[in-house]
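Residues per chain are reported as follows:
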Amino acid sequence: MSLHVPTMAEMMAKGESPEILFWVGCSGSFDDRAKKITKALVKILNECKVQFAVLGTEESCTGDPAKRAGNEFTFQMQAMMNIQVLDGYEVKKIVTACPHCFNTLKNEYPELGGNYEVIHHTQLIQELINQGKLALKGGGTFKGKKITFHDPCYLGRANDVYDAPRALIEKLDAEMVEMKRCKTNGLCCGAGGAQMFKEAEKGNKEINIERTEDALATGADIIATGCPFCNTMMTDGLKNFNKENEIEVLDVAELIANAADL
Amino acid sequence: MVSIAVFAIISLAGFGFFAWNMLKIRSNIRLGRDLDRSDKKSDRWKTMMLVALGQKKMFTRPIPALLHLAIYAAFMITQIELIEIVVDGLSGDHRVFREALGGFYTFIVSFIEILSLLALIATVIFLSRRNLLKLPRLNMAEMNGWPKMDANMILFMEIILVSCIFTMNGADEVLYNRGLSHATALGDNSFGFSISSFLGPILFDGMSDGTLHTLERVGWWGHIGMVFAFLNYLPYSKHLHILFAFPNTYYSNLEAKGRFTNMESVTNEVKLMMDPSADPYATPAEGTAEPQRFGAKDATDLTWKNLMDSYSCTECGRCTASCPANITGKLLSPRKIMMDTRDRIEEIGNNQRKHGKDYDDGKSLLGDFITEEEIWACTSCNACVQECPVNIDPLAIIIDLRRYLVMEESKMPTELAGMLTNIENNGAPWQFSPADRLNWKDEA
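From first to last, the protein sequence lines stand for chains A and B. The first sequence lines up with residues 1 to 262 when you count with the numbering used here. The second sequence lines up with residues 1 to 444 when you count with the numbering used here.
Misleading hints may appear alongside valid ones.
What the hints assert, rightly or not - Some chain A residues close to chain B (C-beta under 10 Å, calculated; not the full set):
#1 T7
#2 E16
#3 M80
#4 N115
#5 Y116
#6 E117
#7 K146
#8 E206
To be clear, the hints were calculated from the coordinates, so they are not data collected in a lab. None of these values were measured; they are calculated from a predicted model. Virtual Cβ for every residue (Gly too), placed ideally from N, Cα, C.
Please take these sequences and the hints and turn them into a complete structure.
Okay, structure coming up:
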């Protein structure tokens, strides 16, 4: 099945405007693992006939890592340029599969003049299922499997979204198991606050190893996340324990796309 | 008469010295930068009621929460008894409310006694958790020295306070039974208080009348003396949280935790850069304030709320125990960030009072107290903010310190410098061309 991914520019040329903009993000655009998550979400959007568009080459980093690293100049330059593009296309609603983009667009753009309704992709998928637009036909290949959910900090604590991803996992034909540290107590994967882009400070352990141990302790077959950075960190954590062939790290969008036979 | 005069002087001195110290703390907090938290009053009251008065966030750990509640409730209710002590102390009466309140008086004092006993038990458990069980979060490096002693002193004072209450009531009970108490006799032979009416006879029955009178006075004066001692210990101690928990939760950050503050000064600069008609050489308008330092190098670069946070911290270490960096052995401890901030603003305040407003001791929060290694270990995960039972925000301070380092000194880990260059040059933190952003669409 080929993906239908219109850009804002193409839509505008045709005199159309989409219901929602899919903000793909840098990971979703460039990282090989995250691109699969991007495609899974597009499949879902296509299946549900959601009128969406992407910015394509007009998209640029939201500035999140710059802001967390303390460079407000770079952040605001990025934000102002993005706001000009978004406002130029009269964007009202944005969905993104990256909690860092989600948080920045939702919480930090309004003060710079960018006001949009921003939702995380798990929230959109939940909405689509509730509206009956997406049926989970086969229930996927999860029968008898245990799935645990790792809360991304910028989705959970930062924005209090805990239920949407869990509600989706519970729709699968699988057993949902929680880690001992979950929801408000969830332990970071180690990538936030611009840590993704640098080596960790000296310590006695990597944070993603500590978190992977939490996940392994549940006996889960699948570690679900809703963040491309968490995905990388948990995947690396599994490799450390030589478990990468037994346990999968999947985004909630990938789980749902699988369950809907997409 | 002499005792009334002594009491009046102690009270005046006790409250006066306390007020003087609190004014110093207030002026220290006001050394911070402006921040508007005058909005959303009803939400603020609600937050304060739930988090400070209702101790909502304590209950994520039920056992310490219940022990803490016992001490907290005893403390709150004992304030009622203090009213009587003050009235008795100033009038020379004894148990002045007993006759007027009747059974209600017996109930209130009984209630105080039960809570005091629970508080005593809790205090002993807290002491053993700190000193015998050596709970890790209460025994980390930043707790060595004064912080550990401070914590134990508070608990010991608590024990003395409660012992005084029982000595006072117990001795008085036996005296009353012998018809010798200074309280007005109401024709019964016991005060009927829940604990001291049993405990008193057990402990003091065989003692002489004179000893009992002395003991009762020792309890009474010891109690009120400890109260004033405690009150005046607060400004020097982490125990100040019993007062600051209230304003600090009232002025909580009510925004989403992920939302970092917007730097207005930068916004103005960026707008100028993006405005083609702006004159880069224009002189600033008359009355424009001198630009502030970007971010925070010293405690005075922080907001007053950051500083209030630091005075509200009781060093419980829940932040540090939940910090992913600290858990994995990094140097960062959010609690230490708060303790350093408080110690530094105290130092600045004292210096300014001693040597004048412009005095510079050549030290700064970043460098002399908090190291760069600590602040770069933060993942900005908000676990510390989530955990704090009085809504302290260590993350805000960490980010402001980073801002200073990056924007004023261009100091940061080299990989981050590369990441920032990538964002500036090609709109992504990695070296990819913006022209390739949509390539994923056509990849198998």
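Here is how each hint holds up against the structure:
no. : hint : verdict
1   : T7   : holds (7 Å)
2   : E16  : violated (18 Å)
3   : M80  : holds (6 Å)
4   : N115 : violated (14 Å)
5   : Y116 : violated (15 Å)
6   : E117 : violated (14 Å)
7   : K146 : violated (24 Å)
8   : E206 : holds (7 Å)
Violation of the numbered hints given earlier is confined to hints 2, 4, 5, 6 and 7; the remaining hints are satisfied by the structure.
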